[in-house]
Each structure stands twice: as structure tokens, then as C-alpha cells.
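Take the given structure of chain A and dock chain B to it, following the hints.
Given next are the chains, with one letter for each unit.
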Amino acid sequence: MPIIEVDEELKDILPSFLENRKKDIILLNEAISIKDYSSIEKIGHRVAGSSGGYGFDELGKIAKQIELECKSGHFENVEPLIKRFVLYMTDIEIKFV
Amino acid sequence: MRKSKTILIIDDDPDMRAYLRKLLEGMGHEVHEAQDSHTAEKKLAEVFPHLILLDINLENENGFHFISQVRMIDPHRRIKIIMISSMSSKKAIELSQKIGTHGYLIKPINNNILMTTMKKIMPELDFPEAKNLDISFNKLTARCSGQVIKISEIELVLRSKIKFTEKMKLLIQSQFLKKIDIDRAQFIIHQMSKDVQPGIYDTYVSVVGLKEKDLKGIRSLKTKKA
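Residue numbers (my numbering), protein chains in the order written: chain A, 1 to 97; chain B, 1 to 226.
Derived from the structure by calculation, the hints contain no laboratory data.
In this text the structure is predicted, and so the values were computed from the model without any measurement.
Heads up, some of the hints might be wrong.
To be verified - Beyond 12 Å from chain A on every Cβ pair, some chain B residues (computed):
#1 6
#2 19
#3 64
#4 72
#5 84
#6 107
#7 109
#8 114
#9 124
#10 143
#11 162
#12 183
#13 193
#14 216
Stated by the list, open to error - Heads up, simulated DSSO-like pairs for lysine-lysine below, C-alpha to C-alpha not over 27 Å straight-line:
#15 B:43 x A:42
#16 A:61 x B:91
#17 B:167 x B:194
#18 A:71 x B:213
#19 A:61 x A:71
#20 A:71 x A:83
#21 B:161 x B:211
#22 B:22 x A:23
#23 B:90 x A:42
#24 B:119 x B:169
#25 B:163 x B:178
#26 A:71 x B:90
#27 B:194 x A:11
#28 A:61 x B:22
#29 B:91 x A:95
All C-beta atoms, glycine included, are put in the ideal place defined by N, C-alpha and C.
The following block holds chain A by itself, in its conformation from the complex (with noise of 0.2 Å):
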């Protein structure tokens, strides 16, 4: 399980932000399922902005791919993306530095 170390000093804002992530989850489901690449890039875009910032790096790299390949019309890469991003939030350690 990979340890994600997030600083001290956001430990009230880092339940929020794990929370939206939950819902992100949801949303992308809903959106690959109907096949919405224009949602599933608005995700991946808003993710990849404000990951790297709570020390989500590999979550920020995740979705940074899944707009590219959105913007790019690869939709065949899309889905292994989603998964990825799926795995990554549930599979992780928080540990505050």
C-alpha cells in the first residue's frame, strides 16, 4: 500500500479533498459508461491541477494522462486510466509530515 505523505498544516483540508475525490469517482464511472469524454477531460484536468499540492503526485499524473488522452481522442486509453485512479484512492496510507 503506497504512503502518501501529506504536510501537517493541511490536515483539516484533507478530508475535503479525499471526499471529492469519492465523488470524482463516481462521476467518472457514470461518465465512462455513456461514453462522456468531455466530463471525464473536466475531471481529469481539475484533479491534475490540485493533486500535486496535497502530495498527491502519482493521483495528479493519473489524471493529468486521462485529459491528455481525452484532448487527444484516445478514448481507448481512457478506461485502464479510470481504473488506475480507482486503485490509487483505494489503496493508499496517509501519513502527515
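Just chain B, lined up with the frame of chain A:
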């Protein structure tokens, strides 16, 4: 130079706003947020920030468009603007420079990047002070937000971010004063502002020109005993 600055974050991502707020408040700044240009415009009517952190890719709108609205409110460009984006293209950065913004931060933004950026821009964030105004400026007007925290038949106390050092006439636009029917009175500062906390002042204002029947509104206010 005052260390604490007022900063407005405009970003459609609540996690990004929360993150920037946390770091900037940690540096001692006063932070306001808006998720779109409409909310930001309303915020600008309430606060006059030293700095705006503006996301380029707002939901369904381009952050660059909002800059012209800021310039209408602030034609002398006292408000500094730093663009935030995940676009690292030369084109976007050049456009940002051409428009006259004061910096460009590429997402993801970390603590060190933000701290370095703030340190660099801090000397530019002070507003010029108005001192020894010439007689030709005797009709100069300024607008600020405030709160009426105490009121009696003869006086009210205005809490605001402005330190008044002279006796002058105030024009107060207030729903509360309108409701109790004394908005027609004249309001004249009779005592220099007192510090309440850093950057917040209480100003004692005489309420002049009300007739006996106009005072009913004030007298009808319920008072709470401590």
C-alpha cells in the same frame, strides 16, 4: 509596508481554493474566494484586494476575460494579478504578459513555489497612501465597506478598514439605516478612528439633522443586556 495583504482567489476547483487559502492564511494574509467571475465581481464590490490569483480555465469561461472587468474597477492597476493555469505553453504565458498580469503560476502549485512568488511580489502590493491632499482635491470621494456596530439618537459607530483622521462628512448607504428610517440624516465624523485590531478601526460618527419623529426607528431597536 504592511505584511498582511488582502488576496482574492478565483478558481472553480474548491480543493484548489482551499489549498491556496490555507497556505496564504498561514503566511498571514486575508483571503477571499470566488468560484467564477460573477461571484468575483460581487467580491470586488466588497473588498479591494491587493492581489488576485486568477485561474485561466474557469468552468465555462476564460479567466483572461475577467481581467478587463478588474481594470474597469481599478483603472490605475493597483490590484496585481497572478494567473494560475496548468497550461505551460509559451503562448499562454506570453498572452498573460501582454495583458499586463504580474505573474504566471503553473499547476500543480506547491508551498515553496507559492511562498517564493509571494515574497517576490510583496513589495509591489502596497497601495499608495493619500497624504496632504491639495485643495484642488477637495471634492475627492472614496468608497469603502463597513459595519454599523452601535447606534444611538446622536451617534453611531462605524467599523471598517479605513482609519479616518479628520472630521468629515460621510455618505452612508445602508439597508439597516433605511429600514429604521434614518438614512436621510447627515453623518459627520466627530472623533478620529480608534484601532480595534490590526487593520480594523472604529469611527465615531454624529447623526445630525433628524427630527423627533425620525428617531422612533432608533428607539424601537431592541437592545440586549450583556
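Hints that the structure is at odds with (numbers, increasing):
Checked against the structure, the hints that fail are numbers 2, 5, 6, 7, 8, 18, 21, 24, 27 and 29, while the rest are satisfied.
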